[in-house]
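Novice: Starting from the structure of chain L, add chain R where the hints point.
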Amino acid sequence: MRRLALAGFALGGLGALPQPAGASGDYGCSPSWTLAVSAYECAGSAVIGPRNDTRVNLAFLLRHRTGLSAPGKLSYPKTEWGNGDFGHVFLGWEDMQEAFWPGTRATADAEAPEYAGSRCQTLASGGADFRAALAASKTLHAQEREALGLARELVKPACEGDKGPAAWPAVASPPAREYLAYLQGARAFYVDDFAAARTLFAGLLRSREPWLAETARYMVARNELAAAQAGAFDEWGGYEGGDKVDRPSAERASVALRDYLSAYPRGRYAASASGLTRRAAWLLGDGTALARDYASLMATRPPLAPDAPALLEEVESKVLFGTGLGDTADAPLLVATWDLLRMRRHGPGAQPLLEAEFPAGLTASELEGQKALFSKAPGLHAFLQASFAYHVAGDYRRVLALVPDDARAGHFTPLAFSAQMIRALALEKLGDRAAAGFLQQMLGGAKDLYQRPAVELALAMHWERSGELARIFAASSPIGEPEVRTRLLAYVAGPELLRRQASAANAVERDVATFTLLAKGLSRGRYAEVGRDLALVRADASAIGWVGEGWTGAWMADNPDARAPAGVFVRGKVQEQYPCPALAKTVATLAATPTNVKARLCLGEFWRLNGFDDYLATRAHPRNDQLGGTKDLFPGAPLPRAGIYAAVLADPGASGEDKAYALYRSVMCYAPSRYNACGGPGVSEARRRGWFQQLKRDYPKSKWASELKYYW
Amino acid sequence: MLAACGTGRGAPVDPRRYEAFFLWPGVKAPDWLDEAGEVYVLAGEVRHRAGRGFVPLRATPRVSGPALWCVVRVERLDWEEGVYLAVLRTLALWEQAGNRLVGLQVDFDAATRGLGRYAEFLADLRRRLPRRWKLSITGLMDWSAGGDAAALAGLGATVDEIVVQTYQGRRTIPGYEVYLTALARLG
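If you read the sequences in order, they're chains L and R.
Be aware that the first sequence starts at 1, since it is given in UniProt numbering, and climbs by one per residue.
Be aware that the second sequence starts at 1, since it is given in UniProt numbering, and climbs by one per residue.
The shape of chain R in the complex, shown without the other chains:
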């Protein structure tokens, strides 16, 4: 499954026109977010220095309407056992708090040339993740433009979805529609 992201700068957002949303920490959730089908909620980060554990960035949500993806922003893949534990516990806490939890999304800026190692990491993560939860990852625009087709296919076998990032910082990359057309052709 492929999905596009846009940003709502300039024009008011009609939530009914979109199926899913992404919520960063520090951003106040608009009221209409309750009507969304699915929301990707950034829970915390694993920062790039080894030994720094999982850093939570919000309290446990208690959301009654939309289904939630628990998103973890990841800067490195050499996780200590404590990091896996903390992430899995976060998922459990979110579920125990009564949220409809779809699964875990890993938001990692994998270099196109490092996709092979990323696939190994994800396969291991998939094994650790209880089956009732899905595994999603974000993908970069250049994965299909300059990417290794075999490594990309390897990711596809492990994860349930890849959400393609068409923004950098908070701006949509110009021409992202064209890129997505090219990507669809590859699929």
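Next comes chain L alone, as it looks inside the complex:
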């Protein structure tokens, strides 16, 4: 059977245009460990800019405008696998919500109403309201009231696909007939008979029953909206929009909603009706009206309200990635957010999917032309110009001209922080030696969540590059971010520093340092040192943490078992079929005789049985523009298993049994995927066949020859 994936991503949906540039897997997200990024990444930072999710930027801008800053009152979200590599330096939209709107997500959607996501989701609440209205009506007879209450049950089958006629009861009094007409209208509405529903609801607008008159007026509008979009979904349930929308219905809906809201400004459906007003504008593609509505909502609603994140999501999906802003949007925050998205630059080889769908890049003259729009927010316009100079024009001197030095401020709003950080990044680009001092000054005011860790990252990168690693690990160091420190230990630190930090107070840092010291020492042949350093392994060090390719966010978790597995060097598995002593014994043998064949093979067994293959392949050293990307100060190069087996095969003194095992393991390096698991450059299939045949030919009686049935 063959299948085909029609893959893509939702241009109409949330988080539409971005793609996970720094992603490590289908859902995970690994940041680029630098702030000098002009492309979108799933991991954003406190520096408002093109890298961030549009919702993150918009939320920061909103916090800035309202002067919100609550250091000490808010806390970082807990680490989960979605943000496991972020530390407190990076954040995505989920983290932002958890950090700045604490407690508001937990209950969202957990109890979705029946038929959630479809028009029928109001079936239950509508029924309850209807019964309450019957009970409150002063004109109905008891019998009619009961008959109508039962008749409401006839609406429900409409939500379950039953479009057939309903057996309505006969009622006589005029008000009872009106209530019945309402039920018939509701049923027609739920079965998509919009014409019938239109007539029935319209007939009730002048009812003397207050509930009926108000509800019918609201339902006239809802019915038109449903009619407008009914044809806009294809048979697969996908929204096609555009010319598939029934515009006359959408326009009637728009009028009817205004009509309802002017008759009942505080009516029972007022909140719904104002939301539906935006839906009507969206269906009509009226970006200017939508942008105005959202700008006014964002200005009037308290930004800490629990529904603020939902509003920002709506803004993004319906305006920014929906209708577009239009040319005359009087909505500075939205325009700024969109401008920043249009400043995104993608590195070579990182072309976005569906590039044609991306908005055109922002030009300098366009930005200049927006001056009037930002007349009430000149600081925001200057920030956008500085961002443009940094991310697009690469004119770092202009950044300095646009952003005056205010590094010593006592605190920073999100916008002020971002502006000062762009200044710091521009100083770095210019090679200005003042950059480090500037960043150190910023530490004093960087109090809001995610601010200080960002400054620490920038400062640590500066000192890493100026050869001042020792400052970062000095007792007086301002760099406390565990992720920043441990990445430098894992990727750059030399043996002396690692040995010192292996006795650090912080257990996470201690384990990373110990693990790195032993793994690098052992793989680089420093056996005598390793023999001494093994004593640094704490009794409680994890032996089951993930080795992988080296540093991982999992090492930073609260769970001690997940930490850098320094314990494997003492308690790890050392043998399977090939007999080996404890690792310390093997190390002692190698210290005395580095070419000892059995000890070499046992070292290979240790690497293999404890999952070190990827680590030794050393593919994971960060790019040189990222934290930890400078040259590894640990001398030597690692010898992966492939090198061990090659050395044994080339050793004339090796026994037949040991050569047979080296051949067996060399072949198994490629099982079963034909990918080389053992490091080194990899060999051709002919070479693998050669090993297989040599094993069978030269060592026919060895157990390894009889064990091996295939090569790969």
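Hints are computed from structural coordinates only; laboratory data are not their basis.
All values reported here derive from a predicted model rather than from experimental measurement.
Backbone N, C-alpha and C fix where the C-beta goes; we use that ideal spot for every residue, glycine too.
Be careful, since some hints might not be right.
[To be verified] Selected chain R positions facing chain L (in silico; Cβ < 10 Å):
1) Gly26
2) Lys28
3) Arg47
4) Pro61
5) Val63
6) Glu95
Specialist: Positioned in the frame of chain L, the structure of chain R alone reads:
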């Protein structure tokens, strides 16, 4: 049952050469999709933060030709009761809308090392799922390469099929045929 996925980038697709297709949201279904035998249609997601419910990603389909699998992309397994309810209701709505519904497919990026817990989740889901619907899951390439054979067998006892993903993002993983050969040998 094992199945391979390819992508049609570059070459036009002849639907008669494939038996089943997968439809993501936001992608316009091509006209010829009506002629497919089976289509896996992504209905929604259960995202990784606890408390976020089922997020629907499309309206109820009304498809007359192909049989449909209702696919739910899953980022976590600690579902609240409301999530089970929402997913089961979605299946019911799709059936009531006249679609030929084969069953539910769970698309979860289970780490090879976490297959045991996944098997428990699926056994529970199977118990909740009316028998008339099948249960399918997607599988990752490394499940058989580095996987726990017992845990993999445990999954096999619960689900009706495992669809192996040979793509990442929107690109087919190079060498996927070789991997599938290796997988077949395990079976």
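Novice: Each hint: holds or not?
Specialist: Here is what the structure says about each hint:
1. Gly26: holds, 3 Å
2. Lys28: Lys28/R check passes; min Cβ-Cβ to chain L is 7 Å, inside 10 Å.
3. Arg47: Holds. Min distance 8 Å.
4. Pro61: The hint holds - Pro61/R has a Cβ within 10 Å of chain L, the shortest such distance being about 4 Å.
5. Val63: holds, 5 Å
6. Glu95: holds, 9 Å
When held up to the earlier numbered hints, the structure conflicts with none and fits them all.
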